[in-house]
Amino acid sequence: MLFATLSISSSWYFAHNVAVLLWLLFIYEFLTNSRRWTLGLLAGLLLATRTPAGLGAIFLITVNQITLANSNEERIKRAFRAIVATPIPVIVLLLLLYNFLRFGNPLEFGYSGGFQTLSDFLAKARDYGTFSLAHLPGNLYYALLSTPLPVFRDDISHVLAPPYLKANPWGISIFITSPYLFYLFTISYKDRISKIFLATTSLIALLVFTYYGIGFLQFGYRYALDFFPLLFVLLVKNYHQRHLNLSSTFKTVIIISAILNLIWILYLYNVDSVVNYINQNNCF
1 MLFATLSISS SWYFAHNVAV LLWLLFIYEF LTNSRRWTLG LLAGLLLATR TPAGLGAIFL
61 ITVNQITLAN SNEERIKRAF RAIVATPIPV IVLLLLLYNF LRFGNPLEFG YSGGFQTLSD
121 FLAKARDYGT FSLAHLPGNL YYALLSTPLP VFRDDISHVL APPYLKANPW GISIFITSPY
181 LFYLFTISYK DRISKIFLAT TSLIALLVFT YYGIGFLQFG YRYALDFFPL LFVLLVKNYH
241 QRHLNLSSTF KTVIIISAIL NLIWILYLYN VDSVVNYINQ NNCF
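Quick note: the sequence shown uses the working numbering, first residue 1, plus one each step.
For the record, the hints were derived by calculation from the structure and aren't laboratory data. Among the hints, a few may not be true.
Listed next, the in silico EDC-like pairs over lysine to aspartate or glutamate satisfying Cα-Cα at most 20 Å (straight line) [claimed, not checked]:
#1 LYS195 with GLU29
#2 LYS237 with ASP191
#3 LYS166 with ASP154
#4 LYS237 with GLU29
#5 LYS166 with ASP155
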């Protein structure tokens, strides 16, 4: 997913690339020095880059401080300091000021109909609500169940032609593009950090799964990049505790999936046409 977003020159995709970098820096800081000001800065930058990811980072900081406290009073104080005594409020104020100067409304982020021209299918999807449970089944399908599409020799028969499968531009399950994620189902999640990461992932997933956009055009399910770094670190952390080193099977799965992903992206996607389509239809 990340390689695909790096391959396409679009501001929508670039935001995800920046968000992944900020997430990795945030997680590293959280697991090592855990300096409040640095975490707040990275969380604020995440919020300015990808709102779901930023809200997830703020949630993670808050929950971590609450779980470290011994009393309700201490929990409130810790949570307050973790958010207010950091760059987060400053970045939020700058975002609101930016919205006001650009749109005349501090709460307008440019996603309403008056500020955005959408393709017909996106406009129709937004008629059901920018965020709505109506979008949940579709997002879940493309994030978890959708498969690559068959390549036929002609428009009539169902005789397959090389390379036999092609990327579905609406999305492919993250378990197909990243099959090593199946290992997450074997983890017990008993330690505090794993529970916090899992809860944060669930919150972000709820936000993106109820969003109308789905992510078309995309490889994999690119909105998963808002929480994918958390899942990846969660997997690596728990796998290392059990096995120390990667098994031959695990390495094989990673190599095969990487090769297939590369083929689907570079061979089956015409990157130039994707960029042109995105720019013409405001797909995000």
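**Report entry** Hints that the structure is at odds with (numbers, increasing)
**Finding:** Checked against the structure, no hint fails, so every one of them is satisfied.
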